[in-house]
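**Student:** Listed in order, the protein sequences are those of chains C and S. Under UniProt numbering, the residue at position 633 of the first sequence is numbered 633, and the numbers go up by one with no gaps. Under UniProt numbering, the residue at position 453 of the second sequence is numbered 453, and the numbers go up by one with no gaps.
If you're looking for bench data, these hints aren't it; they were derived computationally from the structure. Treat the hints with care, as some may be off.
In this list, chains with the same sequence are indistinguishable; a pair is considered to hold if it fits within one copy or across any two.
Here are the simulated BS3-like cross-link-like pairs (lysine-lysine), alpha carbons at most 27 Å apart as the crow flies [as the list claims (entries may be wrong)]:
| id | residue 1 | residue 2 |
| --- | --- | --- |
| 1 | Lys327 | Lys669 |
| 2 | Lys672 | Lys371 |
| 3 | Lys177 | Lys371 |
| 4 | Lys412 | Lys543 |
| 5 | Lys276 | Lys543 |
| 6 | Lys418 | Lys669 |
| 7 | Lys406 | Lys308 |
| 8 | Lys225 | Lys316 |
| 9 | Lys669 | Lys449 |
| 10 | Lys406 | Lys511 |
| 11 | Lys225 | Lys327 |
| 12 | Lys669 | Lys412 |
| 13 | Lys252 | Lys145 |
| 14 | Lys406 | Lys418 |
| 15 | Lys406 | Lys371 |
Number of protein chains: 2
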Amino acid sequence: MATINDIGVAAAINIVTALAFLLAFAIFRIQPVNDRVYFPKWYLKGLRSSSIQTGGFGSKFINLDFRSYIRFLNWMPEALKMPEPELVDHAGLDSVVYLRIYLLGLKIFFPIACVAFTAMVPVNWTNKGLDRLRHYNISFSDIDKLSLSNIPNGSPRFWVHLCMAYAITFWTCFILKREYQNIALMRLQFLANDQRRPNQFTVLVRNIPSDPHESICELVEHFFKVNHPDHYLTFQAVHDATKLSELVLTRKQMQNLLDYNINKHMRNQSNRPVIKMGFLGCCGEEADGIKYYTSVVEGLTREISEEKQRLRTGTKSIVPAAFVSFKTRWGAAVCAQTQQTRNPTEWVTEWAAEPRDIYYDNLALPYVDLKIRRLIVGVAYFFLTFFFMIPIAFVQSLANIEGIEKAFPFLKPLIEVKFLKSIIQGFLPGIALKIFLLFLPRILMQMSKFEGFVSTSSLERRAATRFYMFQFINVFLGSIVTGTAFQQLNSFLNQSANDIPKTIGVSIPMKATFFITYIMVDGWAGVAGEILRLKPLIIYHLKNSFLVRTEKDREEATDPGTIGFNTGEPQIQLYFLLGLVYAAVSPILLPFILVFFGLAFVVYRHQVINVYNQKYESAGKFWPDVHRRVVTALVVSQLLLMGLLSTKHASKSTPLLLVLPLLTIGFHKHCKNRYQPAFVTYPLQVS
Amino acid sequence: MATINDIGVAAAINIVTALAFLLAFAIFRIQPVNDRVYFPKWYLKGLRSSSIQTGGFGSKFINLDFRSYIRFLNWMPEALKMPEPELVDHAGLDSVVYLRIYLLGLKIFFPIACVAFTAMVPVNWTNKGLDRLRHYNISFSDIDKLSLSNIPNGSPRFWVHLCMAYAITFWTCFILKREYQNIALMRLQFLANDQRRPNQFTVLVRNIPSDPHESICELVEHFFKVNHPDHYLTFQAVHDATKLSELVLTRKQMQNLLDYNINKHMRNQSNRPVIKMGFLGCCGEEADGIKYYTSVVEGLTREISEEKQRLRTGTKSIVPAAFVSFKTRWGAAVCAQTQQTRNPTEWVTEWAAEPRDIYYDNLALPYVDLKIRRLIVGVAYFFLTFFFMIPIAFVQSLANIEGIEKAFPFLKPLIEVKFLKSIIQGFLPGIALKIFLLFLPRILMQMSKFEGFVSTSSLERRAATRFYMFQFINVFLGSIVTGTAFQQLNSFLNQSANDIPKTIGVSIPMKATFFITYIMVDGWAGVAGEILRLKPLIIYHLKNSFLVRTEKDREEATDPGTIGFNTGEPQIQLYFLLGLVYAAVSPILLPFILVFFGLAFVVYRHQVINVYNQKYESAGKFWPDVHRRVVTALVVSQLLLMGLLSTKHASKSTPLLLVLPLLTIGFHKHCKNRYQPAFVTYPLQVS
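Take these sequences, add in the hints, and give me the full structure.
**Tutor:** Shown next as structure tokens:
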């Protein structure tokens, strides 16, 4: 078991890493040569232009103004300075609402941490419950002395924890409700103030039934002229342009290769570049590179114009979906909210997402397909979640010192060095998990795409839900209860409903140290790494050195990236879960979580202002998901505390604790009825 | 344990009872004096007038035409003769759809029974699994030999039961889907053909927010003129006329007493009736009855007209709800389906129910009240369900012979008479339950009323759901697993999720005989009793002898009654549950259920044609509930079979059985998406 020293070492390492990242960032960002990496948002907005033209050769690339090095931490207050309404204009509502998740964390956990440290830490510390363990030669650390484990069984002191659970619940619910209200209001205002974008007048119609007598265009026209006579304006058919987009993509790649060959030739005018026609350009006949690619590009250009012509005139490529525009927002709101025909699976209407947000590939999927795909993805997700754990468990078993020593006995002298031992114990389990989790979001996004959602925002929301559930089962439960997720599932099925919270609850205090290191690695160092943007920095400089010829190329050389809701939000939610679960058990975790929320808020606010370029604007449509997951975390924390207390012979408190989840679920239902419609429908009054 | 002889005796008793009821009905119904009791529907429709005027004195009351006695069973074919469309015109869609529940039972169980008896009964019978019990001196009856219990553990014959489970699932789902489709179509056609009733143009608006500057009437007028400018026609405010209706009720009672006194005086002109003014008319000062009641009625009449005047002019009595009418059905459909304002808990719109169907008392309840009331009712229902069982369990424990003999040893010689013993064993458990269940529907209706539903139909639907859940827990589970419902709940909580179906499943075959007697008492004799209408018959004749003076009085003397969805449908659903659960276990139950469905269909079809006068018309809006409950029963049957088979060492089949509930739930979701909207919203296309 990790001692307080291990934690200290891990903390030191992570703090140093985080500080190093921040320092590196502070220095890098004021170098003109990195300007496009750290301020791409301003370039995209046209408010900043390339600074290469001005000054001498040196000052083109390196900042020689030493005064600016003194002010190198200026970015922090700067990031906080921009007021929220301006930020909405600058970066969109999605980003602002996303930042409010971090604020929500601070608002919830700061008062809880204060109360926990003044009221609960003394109550836990001044006991000798753990001392009896010493008789059995079971080691425990000082950190455990701060937790609930230190209180002897059946002690009346558990009433303090009970009161704390009530306080946490009411405070969290209060903050959650206020936040839901604010964000619903912000969303409605944003939609109303928004300069009447066309998609607010437009409804997406899917599953248009086929008719032997009419084409889809005629069908749509007739249907809406009959059923929405006063408000219908026009419609836009959706063409299946998969072939065209493939052709365009291929041409771009070929053009790129052509450019590369021309470049090569220009540098070395004497010999023309030669390519090989066989497998992967490694074997086969030789040919003139420039000539070959020129002819390929020309051929593709011809094909593209033919395909365009075919799409423009033919009707075969039209898919059974259309964007229908109305004369008034009222008409569109009505059409989006009502059922059109007797068969509710035909002529399905919904608000059209932003043009940028629409995921065109899925528009044409028929109703039955959608259901089958959902089933397939459900099954696939089940297997992914419950069998992905095996490699993680393997790595974690290695990460304990004894395991490594057994597996690789020759490493023993090295590991026994005290400093290295601390590193391994403090660091490895967190990192192993993190690396595995890096692969996951892409798989989940592909799953969502396959499932048939029609907007990127909903794809990301679904992927986020799946990611969170994965983290909950595999990171949270998987770290608390040993064994693979499938073994857990099996043992839960064979346990009584009463025993499950007990089994999990009883191991919670033991795992506090593990989660502290996890928070430092994943939260602190991870967030500090985010601001450094090491990967885009390297890619930009590589591209800049080898590929960039024009200003436009340079613009394309940096990928500003997006917030990444599907990966970022589940990560934050894991901290909410940890915070709520440990608040009443081992409050020592809370300061670490508070540091994460504070740091992440500043860092992401900076990134939102200066870097990220959101691909779509859903006007904070993801908030109900955020709210639901925090409430879930709250209920889980209540159930686990109940389980833990009942193993501590404090079963008198169980009925009192049982009230909490019921109240919390009631609260959630109320919030859902009251605020969720603002995120789904569009009230007629404001349209 | 009841033997086949006990069952035989119980069957004989019940068949005789049922036949006696049917015979009595056949004779009573052709007596002119009972005409109003057995054919009130025709009187109400004005298609039949009192037959008392024609013929001599004797034939006024008693049918002397002996030929008609020969044809006394004519009512059965007559009840089946009327074609369905005509029945819709005659009795409304609700009644027709209700009758189709019985037909659904026949359609599902007739083929299943045929297959079960040709395939499964031989498989079960030709085993000696139960014979080994004889060694342990455990008695079993021949009925148990027909069930799955007779197959030895681990026998390959269980594959037959597995195939049967699949066949049952697919057949039931097939029939359910076809029926859902038919009824959705019938509903939409009914609504479309219906002679454009005003409520189809009307929307009920609730939770109108209060405004200090405008009255509710002005508010409604302005709101809809602004938000539905093209379609809004007018509105009807709702007045809180509780006081008025109380006054009217009191006047009716007083008028009745006045009439009684006048009657008394007319019979005996010599002395005027005298009443006492004290407690319950038993003590206190004496007064002239006619004079006193005349003055009271006059006073009340004055008060009523004042109250009417007050309601007509004042605005204080207006409640924050209104009926808003639109120029087109399209406008009403749009308003009912859309969200009106930013706050989804204000200006809540829904289709107005029929005027007859509206439950006015609940129109004015504010949103928060509704939520609180729902919570209170939920808790109350929980306690009702889990503690109501105690008296039933007590009676059931008495109903076993040994229990009675212990409790009342002096009855021993009487009970030991073989015939009486059979009666007690076959009869009592069913009757005890039935009596308890008679009290329940009223309590549940009161709960629904308190919960705040705004139409009688939804009140009845909710009461039916609660009644079904009650029956499921207390009648079904309570009879299978011994102990009170609360003990069960407690033991289920302490059992693993895997073990619950095992515990219940293993007792199922043992309880077949109990449920057979239950079906005979509750189903056969109960339905036959329904057609006799003994209670209305007696009340009518009592009223006719003492109170009736005019033709109008006679009309009011019979209460034709209604189908009673809240009591009838849960009862049918219990038979669906029993049928599906026992189909693969003890198919011997199926013929009893089939007889019930057949008999009930004929009886209720007769009653719908000749007796019942529906209080409202919801156009079959209850079908989704019916569908959902049958699907639930199917899933329960699959889980219990799984539990039963796993105790029989046929665990190889468990994964194959696990697929079935998943498929069934998928099927339910599909049906819900596809057909349920037809019962909730109104598509714009047909409006």
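**Student:** Just pull the numbers of the violated hints for me, sorted ascending.
**Tutor:** 1, 4, 6, 7, 12, 13, 15
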